[in-house]
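Participant: Could you put together the complete structure from these sequences and hints?
Here are the chains, one letter per residue:
There are 2 protein chains.
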Amino acid sequence: MGRPPSPLLSADGIAAAAMDLVTSTGEFTIPQLARRLGVSPSSLYNHVSGREQIVELLRELAMSEVDLPSDDPGRPWAETIADILRSYRGSYVRYPKLIPLLTAHAVNSTHALTMYDALATTLARAGFTPADTLRAITLMDCFVLGSALDAAAPAEPWDNGADVGPELAAALATGTPKPIRADDAFEFGLAVLLRGLDDFRATDAARSHDRITNHPPS
Amino acid sequence: MGRPPSPLLSADGIAAAAMDLVTSTGEFTIPQLARRLGVSPSSLYNHVSGREQIVELLRELAMSEVDLPSDDPGRPWAETIADILRSYRGSYVRYPKLIPLLTAHAVNSTHALTMYDALATTLARAGFTPADTLRAITLMDCFVLGSALDAAAPAEPWDNGADVGPELAAALATGTPKPIRADDAFEFGLAVLLRGLDDFRATDAARSHDRITNHPPS
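Chains as they are written, first to last, in numbering that gives the first Met the number 0: chain R, 0 to 217; chain L, 0 to 217.
It is possible that some hints are incorrect.
Label-pair ranges, simulated between beta-carbon atoms [as the list claims (entries may be wrong)]:
1) L:Gly49 x R:Lys177: 21 to 27 Å
2) L:Ser42 x R:Asp183: 42 to 48 Å
3) L:Arg35 x R:Glu51: 27 to 33 Å
Partial chain L-side listing against chain R, Cβ under 10 Å, derived [claimed, not checked]:
4) Ile98
5) Asp149
6) Val163
7) Leu167
8) Ala168
9) Ala184
10) Phe187
Covered stretches of chain R (chain L as the covering partner; in silico rule of three or more C-beta atoms under 8 Å from a C-beta of chain L) [what the hints assert, rightly or not]:
11) 91-101
12) 188-195
Just so you know, these hints were derived from the structure itself, not from any lab.
Each residue gets a CB set at the ideal place from its N, CA and C atoms; glycine is no exception.
Facilitator: As structure tokens, this is what we get:
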């Protein structure tokens with residue numbers, strides 16, 4: 000029988016090998032991937048169109064545990080958003096090293112687009128303008144990805160021996176062990192963010208009402 | 000004269016070489032650094048105590064442009080925080096690849112601790128408890144580092160050809176070119192976050208006032 004001329008390759012196998020490389024080194028290149036899989040670089044192109052497609056496969060892996068709540072127009076918008084963001088963070092916490100690689104590429108994966116669609120639908124229904132919907136989604140993205148990095152950070156964010164002032168020392172002394180501390184900070188941040196958005200929405204709606212009242216269309 | 004036995008090394012030169020490696024590959028190892036500098040790994044230890052110290056030197060570089068406002072107790076706390084966070088983001092935007100490496104290590108650099116001290120002092124003075132001060136600082140860290148990654152992200156966050164729903168399509172259509180879009184989203188996020196924190200602070204103060212009023216110490 001002899002050895003087959005090249006091992007069995009698949010897009011999933013290539014994505015798994017790329018994830019291993021990113022997890023250990025923060026990056027991957029096509030030649031590294033080929034070496035790891037024991038094949039020539041050109042044989043990878045029988046299964047994937049190139050680096051961009053591999054990045055999207057990694058994004059699908061990172062988002063694979065994002066679980067979207069069923070779309071319920073009767074539910075308060077902030078509850079729906081909170082559910083989505085908790086799930087989004089929980090999925091990315093597993094792959095912190097992947098985050099800068101994914102943010103450096105335009106999104107084109109089904110799981111990701113489905114989630115962004117759910118955020119946009121919920122925000123639009125809550126009364127945010129399209130421009131504020133884009134801004135709010137960007138804010139959520141920044142917060143969730145930063146929180147996923149924070150969850151992967153060391154148990155003690157500051158060196159014990161570090162020379163800090165009394166206010167920072169008092170704050171640090173309240174820190175509970177990880178992962179509780181990271182989860183607690185995420186829930187606090189989520190509450191602050193949703194409260195700020197709701198407040199912003201109310202003020203903005205009031206402002207645009209004023210605009211209409213004070214300057215009625217002629 | 001001949002060639003000296005090893006090139007002139009310094010902690011700064013080692014940090015610069017490590018930054019080059021992180022910028023191109025997302026990581027650095029001591030053997031890679033030594034190879035790049037044309038010295039043996041052991042000779043690096045004449046200048047730095049090890050990997051941890053190099054990471055802190057990279058953090059100092061990343062924070063080198065953080066400019067703290069002078070401490071003014073009469074100024075609204077949210078303005079002071081906003082100035083600090085704008086400067087923090089501006090400094091990190093230059094080194095997005097460094098972010099996961101830095102978040103994976105406990106902070107022990109002077110620039111960083113000075114900034115966290117300024118945040119803690121301002122929040123404590125504004126009436127946040129030590130526990131909420133820690134939570135608020137964590138939220139700010141997550142938001143700023145996520146925003147720095149967003150600023151380094153591609154001009155079009157979503158593939159043009161991607162199949163998206165009408166609400167997301169309408170939101171995306173409002174996107175201005177980069178870097179204006181990223182800066183605009185950061186300012187929106189900053190305003191939302193500070194409004195949410197202020198609202199939280201007011202409610203929390205009211206709640207603890209209620210607690211005191213309803214349950215006076217016996």
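Participant: Work down the list of hints and note, for each, if the structure agrees.
Facilitator: Hints versus structure:
Checking the proposed 21 to 27 Å range against Gly49 (chain L) and Lys177 (chain R) shows it holds: the Cβ atoms sit about 24 Å from each other. Separated by about 45 Å at the C-beta atoms, Ser42 (chain L) and Asp183 (chain R) satisfy the suggested range of 42 to 48 Å. Judged by the Cβ atoms, the range 27 to 33 Å given for Arg35 (chain L) and Glu51 (chain R) holds: they are separated by roughly 29 Å. Annotation: Ile98 (chain L) was flagged as interfacial toward chain R, and the flag holds, the nearest CB pair being 6 Å apart, inside 10 Å.
With 10 Å as the threshold, the beta carbon of Asp149 (chain L) comes within range of chain R, its nearest partner Cβ sitting at about 5 Å, so the hint holds. Checking Val163 (chain L) against chain R by beta carbon gives a least distance of about 6 Å; that is within 10 Å, so the hint holds. Of the supplied interface hints, the one on Leu167 (chain L) holds, with its beta-carbon coming within about 4 Å of a beta-carbon of chain R, less than 10 Å. Hint status for Ala168 (chain L) relative to chain R: holds, with the closest Cβ pair at about 8 Å, below 10 Å.
The beta carbon of Ala184 (chain L) is positioned within 10 Å of a beta carbon in chain R (closest approach about 4 Å), and the interface hint is therefore held. Given the 10 Å rule on beta carbons, the hint for Phe187 (chain L) holds: about 4 Å separates it from the nearest Cβ of chain R. With a threshold of 8 Å between beta carbons, the proposed coverage of the stretch 91-101 of chain R by chain L holds, since 5 of its residues qualify and at least three are required. Counting residues of the stretch 188-195 of chain R whose beta carbon lies closer than 8 Å to any beta carbon of chain L gives 7, which reaches the threshold of three, so the coverage claim holds.
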